[in-house]
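*Asks:* So the sequence shown is numbered by my numbering: it starts at 3 and just counts up by one.
The hints are simulated quantities; they were obtained by calculation from the structure and are not laboratory data.
Note that the coordinates shown come from a computational prediction; the quantities given were computed from them, not determined experimentally.
Incorrect hints may have been included.
[As the list claims (entries may be wrong)] Pairwise CB distance ranges, derived in the manner of DEER restraints:
id	residue 1	residue 2	range
1	R150	I115	28 to 34 Å
2	D120	T143	21 to 27 Å
3	D152	Q197	30 to 36 Å
4	T232	T143	29 to 35 Å
5	D181	D42	23 to 29 Å
6	S47	K184	17 to 23 Å
[Said to hold, decoys possible] The calculated lysine-lysine pairs, modelled on DSBU-like cross-linking and capped at a C-alpha distance of 35 Å, are:
id	residue 1	residue 2
7	K214	K29
8	K184	K67
9	K166	K55
10	K166	K103
11	K89	K103
12	K201	K231
13	K103	K36
14	K105	K231
15	K105	K184
16	K231	K166
17	K214	K201
18	K103	K29
19	K214	K231
20	K184	K166
21	K166	K36
22	K184	K201
23	K166	K201
24	K201	K222
25	K103	K201
26	K214	K103
27	K29	K231
28	K222	K166
29	K89	K67
30	K184	K103
31	K55	K222
Beta carbons are placed, not taken as given, at the ideal position from N, Cα and C, and that holds for glycine.
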Amino acid sequence: MTLRYFRLAIWLLVLAGAVQAIASAPKREFYQLKIYHVRDANQKSRLETYLQKAYLPALHRAGIKQVGVFVPNTGADSLLYVLTPFKSADQFSALSETLMKDKQYNTDAAEYINAPFDQPYYSRFESVLMQAFATMPTLVTPGLTGNRADRVYELRSYEAATEKLHEAKVAQFNNGELDIFKRLGFNTVFCGQVQAGGKMPNMYYMTSFTDKADRDAHWKAFGADPAWKTLNSLPEYAHNFMRADTYLLHPTAYSDY
């Protein structure tokens with residue numbers, strides 16, 4: 003074999019390996035965050051019964067195994083968060099039809115589906131559609147230990163002044179911030195770039211901790227981390243968000259994680 007053909011063979015092997023790596027890489031998931039608003043404890047109880055007995059089992063039958071259901075840690079009964087991962091945008095858009103064709107769901111959810119206009123299960127709900135970040139393409143279920151009721155799931159959103167600055171914040175996560183979270187043990191659950199929602203341009207992410215003290219200790223370590231200080235001082239990441247919202251949540255007893 004001549005040197006020319008040897009080099010060509012090596013190049014083809016490298017190219018084949020690259021193609022195989024791209025083909026086998028996990029596809030970026032989509033996430034729906036539903037935020038239910040309820041007016042009183044009775045309405046919340048009815049909604050939770052529907053979620054536990056009808057909605058989550060139907061999603062499980064549809065192949066969606068890791069659905070998170072959370073309540074605020076403040077004790078307020080007015081909000082309920084449901085985080086659902088989808089393998090694709092098509093799976094998300096087909097969900098209503100999937101539920102409609104599920105006979106067991108239609109039986110289990112009959113009272114919810116046919117609720118009278120003056121006895122709804124919620125005051126309203128918000129729906130946010132996100133796509134996973136390139137460096138965290140799929141949801142990761144945290145392996146938390148200890149008392150389930152003490153666990154803290156921290157949901158954060160970052161709104162930016164412009165689309166360009168928003169992309170810079172996403173790039174900051176992809177180019178180092180997520181690595182720092184991993185090294186410091188933040189148990190990141192997901193990172194999602196908002197595709198449709200009431201607040202845009204925006205992104206959400208969720209980290210998780212055994213309890214509030216564990217959460218506070220992690221953020222103290224993060225703020226003092228030299229790699230974070232260096233990353234955050236880079237000019238390309240200046241002013242990459244104008245508003246940050248933090249929601250400290252607890253998992254319900256029937257949440258999948």
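*Asks:* Could you run down the list of hints and mark each one as holding or not?
*Replies:* How the hints compare with the structure:
1. R150 to I115: 28 to 34 Å: Given a distance of about 30 Å, which is inside 28 to 34 Å, the answer is holds.
2. D120 to T143: 21 to 27 Å: 39 Å, violated
3. D152 to Q197: 30 to 36 Å: 33 Å, holds
4. T232 to T143: 29 to 35 Å: 31 Å, holds
5. D181 to D42: 23 to 29 Å: Violated: the Cβ-Cβ distance is about 44 Å, outside 23 to 29 Å.
6. S47 to K184: 17 to 23 Å: 38 Å, violated
7. K214 to K29: With Cα atoms ~33 Å apart, K214 and K29 stay inside 35 Å; holds.
8. K184 to K67: Since the Cα atoms of K184 and K67 sit roughly 24 Å apart, the hinted pair holds (cutoff 35 Å).
9. K166 to K55: 43 Å, violated
10. K166 to K103: At roughly 42 Å apart (the allowed maximum being 35 Å), K103 and K166 break the hint.
11. K89 to K103: OK: K89 and K103 at ~19 Å, within 35 Å.
12. K201 to K231: Holds, because 28 Å separates the two Cα atoms, which is no more than 35 Å.
13. K103 to K36: Since the Cα atoms of K103 and K36 sit roughly 22 Å apart, the hinted pair holds (cutoff 35 Å).
14. K105 to K231: 54 Å, violated
15. K105 to K184: The given pair, whose Cα atoms are some 42 Å apart, is violated under the 35 Å limit.
16. K231 to K166: Roughly 22 Å between the alpha carbons, so the hint for K231 and K166 holds.
17. K214 to K201: 28 Å, holds
18. K103 to K29: 27 Å, holds
19. K214 to K231: Since the Cα atoms of K214 and K231 sit roughly 24 Å apart, the hinted pair holds (cutoff 35 Å).
20. K184 to K166: 26 Å, holds
21. K166 to K36: Roughly 27 Å between the alpha carbons, so the hint for K166 and K36 holds.
22. K184 to K201: Holds - the C-alpha atoms of K201 and K184 are around 27 Å apart, at most 35 Å.
23. K166 to K201: It holds: about 16 Å lies between the C-alpha atoms, which stays within 35 Å.
24. K201 to K222: Holds, at about 28 Å.
25. K103 to K201: 32 Å, holds
26. K214 to K103: Judged against 35 Å, a Cα distance of about 42 Å means the pair is violated.
27. K29 to K231: Distance of about 31 Å is within 35 Å: holds.
28. K222 to K166: At roughly 29 Å apart (the allowed maximum being 35 Å), K166 and K222 satisfy the hint.
29. K89 to K67: Cα-Cα ~11 Å, so holds.
30. K184 to K103: With a Cα-Cα distance of about 40 Å, the restraint between K184 and K103 is violated, given a limit of 35 Å.
31. K55 to K222: 40 Å, violated
When the structure is compared with the earlier hints, violations turn up for hints 2, 5, 6, 9, 10, 14, 15, 26, 30, 31 and for no others.
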